[in-house]
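J.: Residue numbers (the working numbering): 1 to 490.
To be clear, the hints were calculated from the coordinates, so they are not data collected in a lab.
Idealized CB from N, CA, C, for every residue including glycine.
There could be a bad hint or two in this list.
[Said to hold, decoys possible] Ranges between beta-carbon positions, derived for each pair:
id	residue 1	residue 2	range
1	Glu103	Gln429	34 to 44 Å
2	Lys51	Asp225	41 to 51 Å
3	Ala345	Asp105	12 to 22 Å
4	Arg440	Arg396	39 to 49 Å
5	Asp201	Lys154	19 to 29 Å
6	Gly198	Phe113	20 to 30 Å
7	Asp449	Gln91	23 to 33 Å
8	Gly198	Arg440	19 to 29 Å
9	His156	Lys469	48 to 58 Å
10	Ala345	Val111	19 to 29 Å
11	Glu103	His407	40 to 50 Å
12	Trp80	Arg440	31 to 41 Å
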Amino acid sequence: MFKLWPFKGGLRLPAHKQESSLAPLQSMPLPKQLIYPLVQGNGSISQPLVKAGERVLKGQVLNSTEEWSIPLIHAASSGWVIGIQALPLIQPSGMDGPCIVLEVDGLDESVEFNSFADYRTVETKVLLDKIHQAGIVGLGGASFPTAIKLDPPKPHRIDTLVLNGAECEPYITCDDSLLRHFSKEVLSGANILMHIIGVNDCLLAVEDEMQESIAALETAQSKGDFGHIHIVAVPTVYPTGGERQLIQLLTGREVPAGGIPAEIGVVCHNVATAVAVHQAITDGEPLLSRMVTVTGQGVRNPQNLLARIGTPIAELIEVCGGYTDCVQSLIMGGPMMGLALPSDAMPVTKATNCVLVAGQDEVMVDKQAMPCIRCGDCASVCPVELLPQQLYWHVRADQLERAMEYHLPDCIECGCCDVVCPSHIPLVQHFRSAKTTVARREQEKAKADHARLRYDARNARKLNEQMEKAEATKRKRELLTKMAENHKSG
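With these hints in hand, go ahead and build the complete structure from the sequences.
T.: Okay, here's the thing in C-alpha cells:
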C-alpha cells in the first residue's frame, strides 16, 4: 500500500461521472471550420504566419513566436484561411481578439511529420525544442508550455515526476477515458518525460473510483518496460487534482507559497500531456486534437469525444445529439472552476477538457448574499489552508495590501468555500476580482516606474549634454584667448 499524506480541507462532491464515462469514445468527424485564437492564456498575442486566401496543410504552423512562453498553433486539418477576424475569446473578460479562421477542405492533407528512431540517443535540448515545436502545453486546463516546465530553473534538482490523472472535479471524465483507451501511450509518455528531466521515479495518480483506468494501466504496464512508474490510487476528494494538493498527497512535500514544484524536487504533468509528448517524440505529430467531455442535462447524449483543436463547440453538441429542452448555460470546464461561455460558436482550445451543457440544477445559482456569520466553514474546507473570511473582509474594504498578507495569490479558486458558505457569499468571485485588481495595479506601477526612470534618464542626459556643451565652450574660449596672446607676443 502506497503511503499518502492527505491535505487538509476539500470536499466530497456528487460525481456525475457515469453520464459521460459509460458511453463509447467517439472521434469527431472533420469539422466545417477551425478557429484559432492568437491570444494566449497569459494574454500574449502571437503574430499570424498565414493570410486570407492561403491554403494550409494539417500540422502546418499558423503563428510566429520566438519565445517558448508563447505556444505554437498548428492547423488540425487542411483547408483555406478565410481571414483573421476579431472574435470572442474564452476569457473571464469576454473580450474579442484576433483569430485565424480556417475553412476545412475535407482532404485532411498533412505536412510530413519527423520523429526520432530512439529518443534516448537524442540530446535533451533537442527533445525540449521538439516539444515546443509541437505546441504542447499542459492539458489539464492551465495550458502552461510543457517545454518550460520540463526545464526548471537552476539549481533545482528534480527527483520525482508526478503524472496527474486525478480527475476530481464533477462531470469531467476525459482523463478517465484517455487512461482506459490510451494506457500504453500514457506510460510511454511518462518514460520520455522521466528521460528528459533525468529521474527514475514516476508517481501516476488515479482516483480510487476509476478502477477500469487502473486495470488498463496495470495491464499495459505488464506488457512493457514501465517498471519505474508507480500507479497510485488516490482518494476521490475535491480538489485532489490540484497540482499542489496532489504533490502533497503523494510525497508529503508542500510547495512553498509563491513557489513552484521544482523547488521541492517535483515536476507535475497531466496524463493527457504525457500522451501528447509521446505523439510528438515517437510519431512526430504536433498537438492537433484532445479528449473533450461533453456532458450535462442540456445535451442528449453525453460522451467523450476526440476533437480537433479549433472545432466549434456547436459541432460537438451536434455529434452528441443536440440540446435538450432544459439547457440553461454552457460552461468550459466543470461546475466548480469552469468558465461560462457566451455561445457555442467558440472553439475547442488546448485548455478545453470539458463542455458542461448545464441544466438549472447543475450550476450554482446566484442567491442573495447575506452578512458573514463568522462560522469558519470556509476555512475548514480550504485546501490551501487560507482564511477566506479574513480575506473577504479585506477585499471588500479594498485593503488589498492586507489581503496579500493573508496570501491572496495562493487561492486556487477551487470554489470549496462558496459551496459551504451558509450566507451565499460569492467568495471566489471577490478573490478573483481582487487578484485582477492587484495585477492591474502592479502593471500600472511598473509602467509608472518605467516612465519615471525614462524621465530621470532624459533629464540626466540633457544635463550631461549641457555640461559637455559648457565644457566645449570653455575650451574654445581658452583656445581663442591663447591664440590672441600668441598673436600679440609674435
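J.: Against each hint, give a clear statement of whether it holds in the structure.
T.: Hints versus structure:
1. Glu103 / Gln429: 34 to 44 Å: 39 Å Cβ-Cβ, so the 34 to 44 Å window holds.
2. Lys51 / Asp225: 41 to 51 Å: Distance hint for Lys51, Asp225 holds at roughly 47 Å.
3. Ala345 / Asp105: 12 to 22 Å: Holds, at about 21 Å.
4. Arg440 / Arg396: 39 to 49 Å: violated, 18 Å
5. Asp201 / Lys154: 19 to 29 Å: holds, 21 Å
6. Gly198 / Phe113: 20 to 30 Å: holds, 27 Å
7. Asp449 / Gln91: 23 to 33 Å: holds, 27 Å
8. Gly198 / Arg440: 19 to 29 Å: violated, 40 Å
9. His156 / Lys469: 48 to 58 Å: holds, 53 Å
10. Ala345 / Val111: 19 to 29 Å: holds, 28 Å
11. Glu103 / His407: 40 to 50 Å: holds, 48 Å
12. Trp80 / Arg440: 31 to 41 Å: Holds, at about 40 Å.
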